[in-house]
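Chains as they are written, first to last, in this note's numbering: chain A, 477 to 796; chain B, 97 to 558.
Rather than coming from a laboratory, the hints here were simulated on the basis of the structure.
Just to be clear, a hint being listed does not mean it is correct.
Using C-beta positions, here's what the derived DEER-type ranges look like [to be verified]: (1) B:Ala301 - A:Lys636: 29 to 39 Å; (2) A:Lys636 - B:Ala310: 51 to 61 Å; (3) B:Lys189 - A:Pro509: 29 to 39 Å; (4) B:Trp379 - A:Thr567: 49 to 59 Å; (5) A:Thr567 - B:Ala378: 47 to 57 Å; (6) A:Ser595 - B:Lys309: 38 to 48 Å; (7) A:Leu640 - B:Lys418: 28 to 38 Å; (8) B:Ser483 - A:Lys636: 52 to 62 Å; (9) B:Lys548 - A:Phe518: 17 to 27 Å; (10) B:Lys189 - A:Phe517: 19 to 29 Å; (11) A:Leu575 - B:Gln198: 39 to 49 Å; (12) B:Ser535 - A:Glu724: 55 to 65 Å; (13) B:Lys164 - A:Phe518: 38 to 48 Å; (14) A:Val522 - B:Lys548: 29 to 39 Å.
Counterexamples of contact, computed for chain A against chain B with all Cβ distances above 12 Å [said to hold, decoys possible]: (15) Val571; (16) Leu605; (17) Pro610; (18) Thr730; (19) Met759.
By construction, the Cβ of each residue, glycine as well, lies at the ideal position given by its N, Cα and C atoms.
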Amino acid sequence: MHASNSQKAAPGSSVEALARRKGSLAWFWFLLPSAFLAIVFFFLPVLITLVISLTNMTTATGLSGWTWLGTGNYRKILANPDTVKYLWATTRYVVFTLLFNVVMGLVISLITTHMPQRSGLLFRAIWLLPRITPPVVYILMWKIIAANLPYGILNQLIVKPLGLATMNWIPEAAFLFVVLVNGLVGASFGMIIFTSAIESIPKDIMISSLVDGASVLQRIRYIILPQLRWPLLFVTTYQTLSLLTSYEYILILTDGNFNTEVWALWAFHQALSNYWGNFQYGMGAALAAILVVIGVGMAVVYLRYFRFGELVQEPKIDQL
Amino acid sequence: MKRVSFFAFTVLFLLVVAMAFPAGQKEKAAGLPKEVTFAVWSGNAGEIDRFRVENAVEAAKVVQSALKAKGIEIAITVKPVSDPAGWADYKRKFSLAAEDGQAPYIVVSGHEDVAPWAQAGYIVPLADSVKAVQGLHPEFADVIDSLWNCTMWHGKVWAVPQDTEARPMFFSKTKLKALGWSDAQVAALPDKIKNGEFTLEDMIATCKQAVEKAVVQPGYGYWHRPLKGGDFVQYYFSYGGRIYDPATDKLVIVQKALEQWYSFQRRCVTSGITPEKYIGTAWNVWHDSVANDKVLFWNAGTWMWNDWAKNYAKGGEEQLWKNIGYALQPSGIKGKPGGTLSHPLVYMVTSEKASGDKVKDLIAKMTTKELNTRHALESTHLAILKSQQNYQPYAQSKFLSSVTYMLNNNYYQPNHAQYGPWFDAVFNGMVAAEQGEKSPADAVKEVVTKLKLDLGDALIVE
């Protein structure tokens, strides 16, 4: 093939061949920066974490005086009476926060795309505020909202006027607050993606469906939601994995008290936070390694069973 | 194609080259004779704790002039760092800095860090025995003898005491009188606690009465610490528990004492004198309530007195004297004397290279009655020197001189590298029992299982 091509008009063919070669290596150069980041900031740390998890590294051994334990840390985790408790807390946290994130994201994007554009923009901007507020400031606000008298806003403005018993609401409803705090941040992710998906639906289809007699709700059900299938699955996958490993808001809000200690927070507490200064690096690494395995496992499940391969082929927005 | 690849290669090369340089320069060993720079760190420090490190600045001047008198010209500069970060964060900073060779030459921390940090090689021993360290400087010989126990690990002295405190049971005199107690009864309470006549049971009963008679709001009878801390082991000791066996250098768990302690915490909740979901209350809310006479009994530390006087009590220290009394921690067993936990902070040295003797000189000059009393008065910590107790400014402090007796009935946490995991397991069990998640008996079983897992051979179960 090459030979016959090069026997044609010589400059054209060498340019053609060059273009082919250029095209075939472009993907490599485009991928290189992110591949480099992924290797340096994910694969290498995962490898190092796995290695540390096989040792007895703690503050007391220092980073150089440790010995190999083999599967010792993993056996300790299996035998620990708290393991099931933390696993259950993590599952509840991920499931309920995910539900909140996805449902609220959908609801906000549907409502804000059905109002005048400026108002829609304004509300979406407001919903972005929790995400862009520094976590410490954000949680401080929640703590002040939930605090007992004379500090708490909830108690001052709602509970006391209604004549109900006032209290510090975070210990009483810790799990609810954890879900709300994370959900208010997470909902904006789905909101942005769903909104752009809805706005990419061709305007003539949107208008003609109303002209044809469909109500707004029917249009949502039969035209908008089917278009959102792929964004919905993407948001669900992404946020499941993101929630599995997130703990910073819980750390600042309750520090794992009141049954809110999730697996990632447990790993952090073991490895990097000890009142008496004896950090258990090896044990924390083992906990983190298990989380990585769970995360990768779930990613594989999502990719296979929700046919993610199809998502990255052709944009589905054009098809109805 | 060539342009693209050339550009990409250049970028990659620059990245790799940039990564080859370590972030920041490491501190050079103070081998030069002309100048020495010491960094001194302390953590969990508010404004009132600043003298822990600022005393080093004064001490440096003294050491410098003493050397000059001997004909040695040397400029000693101290970089004091008073870190407000909590203990966990501060100790993490120090551990990571130590691993990177960037540790300060002198670090102030709890005595319990001697064991893990010595084992890790982060700190260096100062002397081979108490006698040896006392012989190094007259200031060290002046330190109260029993305090050296907190600086020992595997037979050597690894630190110099910086301060100490006691953790009394505070009570509201005004509320006790509102309950019907006479002035004499209120005045006699500290002695009764000391002799084991007034126990934790009596305290629960008194608080219950106060709630029933509306002298305090429900849940405001007895307030312990709202967050993790060593204070809690006082109630384990109150029921006859012990943490450490010096003969075998192992940690101990006494199941009966543990269960009785957990029951006590749970009974405080079920009697309505302590809120159930209490752990996690913010410190400022806690201080505000106890300093302003809203609670009947609460356990706290002597160092909080000045903090309350300056930052929380609306009427300043006068209000505190009017309303508040204090005593040892009541025992759980009738006839067993009350006691209290002391948690001395200590100066530790991180590097032999740090000009060896000059560091010990500096610490010695920080351990004088003048400088230590300055810190003691500002932050209401207790005397560590024998000469301090009769030193006028200290003796004149009404509060400090009236609590110093507690040091005769005190105990310490052990210097054992695995104490951290011991405490975590025991504390988490207490929280579970107090909040009703588990019965005290079940909580104890789980704690013992966890301790055996975490500590293995380093544990004795009684």
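Verification of the supplied hints:
1. Between alanine 301 of chain B and lysine 636 of chain A the beta carbons are some 32 Å apart, a value that agrees with the proposed interval 29 to 39 Å.
2. As the Cβ distance of lysine 636 of chain A to alanine 310 of chain B is approximately 19 Å, the hint placing it in 51 to 61 Å is violated.
3. For the pair lysine 189 of chain B and proline 509 of chain A, the beta carbons lie near 33 Å from each other, so the given range of 29 to 39 Å is met.
4. Distance hint for tryptophan 379 of chain B and threonine 567 of chain A: a CB-CB separation of about 32 Å, inconsistent with the stated range 49 to 59 Å.
5. For threonine 567 of chain A and alanine 378 of chain B, the Cβ-Cβ distance of about 29 Å falls outside the hinted range of 47 to 57 Å, so the restraint is violated.
6. At about 58 Å, the beta-carbon gap between serine 595 of chain A and lysine 309 of chain B misses the expected band of 38 to 48 Å.
7. Between leucine 640 of chain A and lysine 418 of chain B the beta carbons are some 35 Å apart, a value that agrees with the proposed interval 28 to 38 Å.
8. Checked against the given bound of 52 to 62 Å, the beta carbons of serine 483 of chain B and lysine 636 of chain A, roughly 56 Å apart, stay inside it.
9. A hinted range of 17 to 27 Å for the beta carbons of lysine 548 of chain B and phenylalanine 518 of chain A is inconsistent with their spacing of about 36 Å.
10. Taking the beta carbon of each, lysine 189 of chain B and phenylalanine 517 of chain A are about 23 Å apart, inside 19 to 29 Å as hinted.
11. Between leucine 575 of chain A and glutamine 198 of chain B the C-beta distance comes to about 46 Å, which sits within the given range of 39 to 49 Å.
12. The hinted window of 55 to 65 Å between serine 535 of chain B and glutamate 724 of chain A is violated, with their beta carbons roughly 34 Å apart.
13. About 57 Å separates the C-beta atoms of lysine 164 of chain B and phenylalanine 518 of chain A, a value inconsistent with the hinted range of 38 to 48 Å.
14. Separation of valine 522 of chain A from lysine 548 of chain B is about 31 Å and conforms to the stated range, judged on CB atoms against 29 to 39 Å.
15. Every beta carbon of chain B lies more than 12 Å from that of valine 571 of chain A, the smallest distance being close to 22 Å; the non-interface claim holds.
16. The Cβ of leucine 605 of chain A sits about 24 Å from the closest Cβ of chain B, beyond the 12 Å cut-off, so the non-interface label holds.
17. For proline 610 of chain A, the condition that its CB be more than 12 Å from all CB atoms of chain B holds, with the nearest at approximately 17 Å.
18. Residue-level check failed: threonine 730 of chain A sits 6 Å from the nearest beta carbon of chain B, not beyond 12 Å.
19. Taking the minimum C-beta to C-beta distance to chain B, about 9 Å, the non-interface status of methionine 759 of chain A is violated against the 12 Å cut.
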